[in-house]
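Trainee: Residue-level listing of the chains:
There are 4 protein chains.
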Amino acid sequence: MAPPMTPAKVAVLGASGYSGIELLRILLRHPGAELVCLTSRQNAGRSLADVFPRFSNTGPASSLPFINPDPDAIAASGADTAFLALPHGVAHEFAAALLARGLRVIDLSADFRLDDPAVYEEFYDHPHPAPQLLSEAVYGLPEINADAIRNSRLIAAPGCYPTSMLLPLLPLLRANLIQPQSICVFSMSGVSGAGRKEALPLLFCECNESVRAYSVPKHRHLSEVEQELSKAAGQSVRITFTPHLIPVTAGICTTIYCAPAPGTSIESIGTTLAAAYAHAPFVRLRGQNRCPDTKDVVRSNFIDIGWALDERTGRLILMSAEDNLWKGAASQAVQCFNLLKQFPEEAGLHSI
Amino acid sequence: MAPPMTPAKVAVLGASGYSGIELLRILLRHPGAELVCLTSRQNAGRSLADVFPRFSNTGPASSLPFINPDPDAIAASGADTAFLALPHGVAHEFAAALLARGLRVIDLSADFRLDDPAVYEEFYDHPHPAPQLLSEAVYGLPEINADAIRNSRLIAAPGCYPTSMLLPLLPLLRANLIQPQSICVFSMSGVSGAGRKEALPLLFCECNESVRAYSVPKHRHLSEVEQELSKAAGQSVRITFTPHLIPVTAGICTTIYCAPAPGTSIESIGTTLAAAYAHAPFVRLRGQNRCPDTKDVVRSNFIDIGWALDERTGRLILMSAEDNLWKGAASQAVQCFNLLKQFPEEAGLHSI
Amino acid sequence: MAPPMTPAKVAVLGASGYSGIELLRILLRHPGAELVCLTSRQNAGRSLADVFPRFSNTGPASSLPFINPDPDAIAASGADTAFLALPHGVAHEFAAALLARGLRVIDLSADFRLDDPAVYEEFYDHPHPAPQLLSEAVYGLPEINADAIRNSRLIAAPGCYPTSMLLPLLPLLRANLIQPQSICVFSMSGVSGAGRKEALPLLFCECNESVRAYSVPKHRHLSEVEQELSKAAGQSVRITFTPHLIPVTAGICTTIYCAPAPGTSIESIGTTLAAAYAHAPFVRLRGQNRCPDTKDVVRSNFIDIGWALDERTGRLILMSAEDNLWKGAASQAVQCFNLLKQFPEEAGLHSI
Amino acid sequence: MAPPMTPAKVAVLGASGYSGIELLRILLRHPGAELVCLTSRQNAGRSLADVFPRFSNTGPASSLPFINPDPDAIAASGADTAFLALPHGVAHEFAAALLARGLRVIDLSADFRLDDPAVYEEFYDHPHPAPQLLSEAVYGLPEINADAIRNSRLIAAPGCYPTSMLLPLLPLLRANLIQPQSICVFSMSGVSGAGRKEALPLLFCECNESVRAYSVPKHRHLSEVEQELSKAAGQSVRITFTPHLIPVTAGICTTIYCAPAPGTSIESIGTTLAAAYAHAPFVRLRGQNRCPDTKDVVRSNFIDIGWALDERTGRLILMSAEDNLWKGAASQAVQCFNLLKQFPEEAGLHSI
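Protein chains in written order, with my numbering: chain A, 1 to 352; chain B, 1 to 352; chain C, 1 to 352; chain D, 1 to 352.
Because the hints were derived from the structure by calculation, they are not lab data.
Misleading hints may appear alongside valid ones.
Identical copies carry no separate label here, and so any pair may be met within one copy or between two of them.
[To be verified] The list that follows gives simulated cross-link-like pairs (lysine to aspartate or glutamate, EDC-like), each with its CA atoms no further than 20 Å apart:
#1 K218 <-> E311
#2 K218 <-> D310
#3 K218 <-> E267
#4 K341 <-> D310
#5 K231 <-> D147
Could you build the full structure based on these sequences and the hints that come with them?
Mentor: Okay, here's the thing in structure tokens:
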């Protein structure tokens, strides 16, 4: 039996967005976390239970008040780790200020995911505001980067779509089993991926009984995906990717087509994935011709992966399912937190 | 103003399935159709309004009884045209029997969509039971085959997925604007596409908050799609296709990637589609970088099409949205009926 | 066969809200209506098809531009009838201005539904801004008020919840079959009832997989319901009513409990309703112990009604289902328009 | 800190139904439970993870095989407690057989909820098959019956609807604050309440965008509700109750109208509920004029309760929200298990 963990004091910034809410759901029950600070501009002054009745009667943190996101106040809460569930473009300021105050930072936004400020500028349309931190930040994909995460003070948790593509693709690219320039990706995401904001296209009646592509042809997440794929392939990789909005609250389902490298067998796909994830507690390989279903992973940190060979065209089909707010955001950030704190990787993440 | 139509007497076989219900919804209001016969084994003896309260008080057909599907009884009803909304493998028998009794047949099943009995056997796992009819049947895609449909006595209405792929692709293949072997298709369908049958995977609680691929890697609809694409390309075409089940009742959203032929501009994609569909009242070209949404086409005979060029990889992206039960089944069958009867192509299909 | 109608020129104000969209859906296909003017502050300058792709390729009105809601401009369009699909509290100004310019007005808001300005002030928290019009306006429930509607120049179309209660209750109250003070109502409405506005509680992720009561204990619609019930009962009636928000786009399902008057049999409930609605084409009596389902009435002008006697407690149960945006708003307004214009009551309302 | 629990060995019969699945979700993570036996006729021979991929990689129980429900085999598994998630009318046989083999039984069916075999026969249309067990069984509502549950060997977990009514009503009836014969109940339930069975009305396309009452006017759950209300009131109580099916997977929302006893203030309603549930960790009182939302309780053992006074009619409105499969079934059964095993009442039930 594992020794009891000494809880770390944690702050959650942007705690009233959809990723923030799921972070709270997890951290409130995490044996190694003590929530000491919540921020939300909009709800400052109100208690957690008042804003979100679902969290009432769940322990002392229920009565924690939201405060305005002020770095000094956050540091004064005693938090040694801060989760940033803030919008892209807002997180970096708080990251810098909190690092300067000695906290470790796990950022769920896109602000620190890229290695190259020029790529950031290409995809986000303005120069990166803190390039020195960009070079320090670690890409928080635990299955790939565990050691770096353990020793970092600034972790950039991956995007929801990127996670769903990278975990099936990286081991195959590394093993040279697929042709890097052949990758075509289609993804479907639940509406929570668009955030908790007052916007007409996100209304129930606009999304219900509706499905459509969006951000065609150049979604911002391409930048971090291609960065990581390129590292794995040892060459610059460009992919085509189309996200679609579907009427579910949570879940991403991704289907990838690519060309196997000459001589690659479908069996080698399975064995390579199995070897890569033999010790990864949250990657579940469903097997050949098995199609992962988002309902099997919702509210969990699991990603389920299946694969198939289209013998008629020779193309390889990779499929994954994850919860966009969990493995694609909040629970993956907590998985990073567990590594950072030397906790068991699964601590607080047993939900199914 | 058009002269009034002389209504044709029509029968609907399999009228209690999801395609059958939508056929009834359309035909009950069609100025050129008089419903005289409905069949349903399961509901034989009960009236239309009794089985489907939504159809009560909608005119004389409300009280029409369902009968068992007997060819003599159907012929005795006076119907001169029969719509077959029967399962694959069941329709062909009735088609043969009704043709022998002098009726015209519009079949919504897959039984007569293929030209080649060998392809049928490959995809449907048994020899075609009526190969002589196979050669007579016309593929009922009105935008492509209007003349043949007008003069046929056996029309095979296309499948739902095939319609969503063929309409964007055929004009481009014919104009040699895309590379035929580069086509990758990804579709999402509402649950009604799986039929109205008591099956565990179709329960509300199994489909809601769930999305997954299925029929990987070889869906049966590939056979008719590749047949029609090959004709347009003038060479044998093989594609990769993955359908996904999403929690909506109706709607198919299809996204296609392909490689443009050398020298093809994105403008030529738009102009070629515009020329092909200049006189097609139900094809709506949404334009470049516009993403069709199923909620704009549900309960209509429209198919909406958008396109984009992924400049970073050079791939062309085609997108379409249709109602799987309407343009993908019932209303397309009625569009064929209009051609067959020399009615205005839009008769009875004005719903939006 | 009915003689062809001479189309009336109509304007729709507030055409980009949910009721407005459904009005357009109906009027675009109405043989007696020619859309000549659309207003929307937010979309002024854009065409109908541009704002709502679903309406592209649906005829000349597709290219009609939205204009700002200016009474002179509306009158200049040649419209002789205006539908107001504006928010409560906004409609009355335009009603006055358009009446002054000689148009007839069918108002879908709550501004003119009450007879008594004092009741208006009690429920809407401010004095009625145009009490003289209040006394002129006709409550537009065609099954009850057809003659008055035919001769009015200002029609107040009933609210969605009120329609669902009044049609089952009014004939029974008039016949003294139920005890007026015993009425308890419970309703469930789709999210479209809350309007097309950017509000956090209306987001997909807030409504999906959620159900809850709201506006407890005094919903504004009580005022018009009690007004009409009181007239029927010949005494002041007070009821208890709780609305609930459920995750569907459209539909209201209402269940009512009340005490039968002494000596009332369950048979007399059925015969009284049947007599009251013998000539009402849109009221469908489903019968005793039959439960109406919203999916049978969505996108139609029908209201379905069932009833039952709870023998164990002696209470009568009345149940109704309607589309909140159709019979509860837009199509009911068109039914009033048909009466006003001496068109067949069902003109343009054949959808099922 | 609580001492570690010694896990009890538990069996789950009918583990592949919706209540069974949620039981597994809870028990797999319960520190005081070791799953040793699962039964499912339909899935006998297959492992848990194979039948339900969501449970793969969740620990040793993932590979547990389903077996046929044989009492000797169940006893041989070493289980000392059996949860019966079997259909009504099937559970009693296994209960008798397992009790005879020395196991304790927590039954989620309706087989043992009634005290009086005559009432059972009235509502279930056949004589009770094991009346001697009926008299021994304890009604497993922990907030009311904790002591009896601790000392029982046969616990009948309450129905989903009854839980949602009894918890708001019982303290008020006991305190004579409401008039017992005035109670009118309306409930809405997610589709999972109807069970995981292949039935046409439970298909996604039949339930989606649909809402309707059912089982009008005499739902079977009335029997146990009235039994418990009568005990609390000290007189025979009859209520009117109408359940409605709404398109969500999980959740029950109940709204109750009743007449306060003369002299009852709305404040006394709040204070009486607060006193009754001061030590009930899973009852959350939302307060006056606050409307509970099912999305705040889904996948938790909480029931949220609100109340309001309709001053215009004098009626009291009580509102509750629970997860029909959790507090209404599986987690409530586990709460009983905790009492039975002298575990902390919240053990294994911390999910939010």
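Trainee: Next, verify each hint and record whether it holds.
Mentor: Okay, the hints, checked on the actual structure:
In this assembly of identical chains, the alpha carbons of K218 and E311 lie at most 20 Å apart only when taken from different copies (9 Å versus 30 Å within one copy). In this homomeric assembly, K218 and D310 come within 20 Å of each other (Cα to Cα) only across copies, at 7 Å, whereas the closest approach inside a single copy is 27 Å. Taking identical chains as interchangeable, the C-alpha atoms of K218 and E267 lie at most 20 Å apart only when they sit on different chains, with a minimum of 19 Å there against 33 Å within one chain. Taking the closest pair of Cα atoms, K341 and D310 never come within 20 Å of each other, the shortest separation being 44 Å inside a single copy and 42 Å across copies.
Taking CA atoms no more than 20 Å apart as the test, K231 paired with D147 passes inside one copy only; the shortest distance there is 17 Å, against 56 Å between copies.
This entry does not satisfy hint 4, going by the numbered hints stated previously; all others are met.
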